[in-house]
Amino acid sequence: MSSDEKSSNGPGRPPKPPEERRTENHGLRLSPKEKKNLRRRAEQAGLSMSEYLRRSALGGEPVRSDAKKKAVRQLSAAGNALNRLVEAAREEKIGSVEGLEETLEAIREAIARL
140 MSSDEKSSNG PGRPPKPPEE RRTENHGLRL SPKEKKNLRR RAEQAGLSMS
190 EYLRRSALGG EPVRSDAKKK AVRQLSAAGN ALNRLVEAAR EEKIGSVEGL
240 EETLEAIREA IARL
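For the sequence shown, the working numbering begins at 140 and goes up steadily by one.
No lab work stands behind these hints: they were computed from the structure.
All residues carry an ideal CB built from backbone N, CA and C; glycine is no exception.
Some hints here could point you the wrong way.
Result set (DSBU-like, lysine-lysine): computed pairs, CA atoms no more than 35 Å apart in a straight line [to be verified]:
id : residue 1 : residue 2
1  : 207       : 172
2  : 207       : 175
3  : 208       : 155
4  : 209       : 174
5  : 155       : 175
6  : 175       : 209
7  : 155       : 174
8  : 208       : 232
9  : 209       : 172
10 : 208       : 175
11 : 208       : 172
12 : 209       : 232
13 : 155       : 209
14 : 155       : 207
15 : 174       : 207
16 : 208       : 174
Quick list of the computed label-pair ranges, beta carbon to beta carbon [what the hints assert, rightly or not]:
id : residue 1 : residue 2 : range
17 : 237       : 162       : 55 to 63 Å
18 : 185       : 215       : 13 to 21 Å
19 : 190       : 215       : 51 to 59 Å
20 : 232       : 180       : 27 to 35 Å
21 : 161       : 231       : 49 to 57 Å
Model the full assembly from the supplied sequences, consistent with the hints where possible.
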């Protein structure tokens, strides 16, 4: 059985399909200052340097800044509160609250843009 056909007999992650395995390597020359800067950014993002560079180079978002993370948490909390109000209004536990569903949708869209 080839290494591509092996199945996992032990605990842990199942093997990736061959097309998803990272087997290629590309060297990158950096100055010590550039490397230090990249390492700092990767650490701030909670990523390895390889993953940080891969995401940056391939168009992914390498990090969410602390401000974005805080905004997402705050918007999520506001959205959850509005969702509870909408549900209470639907169940007629409170009077009609016009505009809550539209506001809730606006919050969801704002979170998605972050």
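Outcome of the hint check:
1. Under the criterion of a C-alpha separation no larger than 35 Å, the hint pairing residue 207 with residue 172 is consistent with the structure, at around 27 Å.
2. A C-alpha spacing of about 24 Å is found between residue 207 and residue 175, which places the hinted pair at or below 35 Å, so the restraint holds.
3. About 30 Å separates the Cα atoms of residue 208 and residue 155, which keeps this hinted pair within 35 Å; it holds.
4. For the suggested pair residue 209 and residue 174, the alpha carbons sit about 28 Å apart, so the restraint of at most 35 Å is met.
5. Distance restraint check for residue 155 and residue 175: the Cα-Cα separation of roughly 32 Å lies within the 35 Å cut-off, and the hinted pair is therefore satisfied.
6. Distance check on the hinted pair: residue 175 and residue 209 sit about 26 Å apart at the alpha-carbon level, within 35 Å; holds.
7. This hinted pair checks out: residue 155 and residue 174 have alpha carbons roughly 30 Å apart, not beyond 35 Å.
8. About 33 Å separates the Cα atoms of residue 208 and residue 232, which keeps this hinted pair within 35 Å; it holds.
9. Simply put, residue 209 and residue 172 have alpha-carbon atoms about 30 Å apart, close enough for the 35 Å limit, and the pair holds.
10. A C-alpha spacing of about 24 Å is found between residue 208 and residue 175, which places the hinted pair at or below 35 Å, so the restraint holds.
11. A distance of roughly 28 Å separates the Cα atoms of residue 208 and residue 172; the hinted pair therefore holds under the 35 Å criterion.
12. The straight-line distance between the Cα atoms of residue 209 and residue 232 is roughly 32 Å, inside the 35 Å bound, and the hint therefore holds.
13. In summary, the hint linking residue 155 to residue 209 is supported, as the alpha carbons are separated by about 34 Å, within the 35 Å threshold.
14. Simply put, residue 155 and residue 207 have alpha-carbon atoms about 32 Å apart, close enough for the 35 Å limit, and the pair holds.
15. Between residue 174 and residue 207 the alpha-carbon distance is near 25 Å, which keeps this suggested pair within the 35 Å criterion.
16. Restraint check for residue 208 and residue 174: satisfied, since their Cα atoms lie roughly 26 Å apart, inside the 35 Å limit.
17. In this structure, residue 237 and residue 162 meet the distance hint of 55 to 63 Å, their C-beta atoms being roughly 58 Å apart.
18. Taken as a hint, the range 13 to 21 Å holds for the pair residue 185 and residue 215, whose Cβ atoms sit roughly 19 Å apart.
19. For residue 190 and residue 215, the hinted distance range of 51 to 59 Å is not satisfied, since their beta carbons lie about 25 Å from each other.
20. The supplied range of 27 to 35 Å is broken by residue 232 and residue 180, whose beta-carbon atoms lie about 48 Å from each other.
21. Checked against the hint of 49 to 57 Å, the C-beta distance between residue 161 and residue 231 comes to roughly 55 Å, which is consistent with it.
In summary, the numbered hints that this structure violates are 19, 20.
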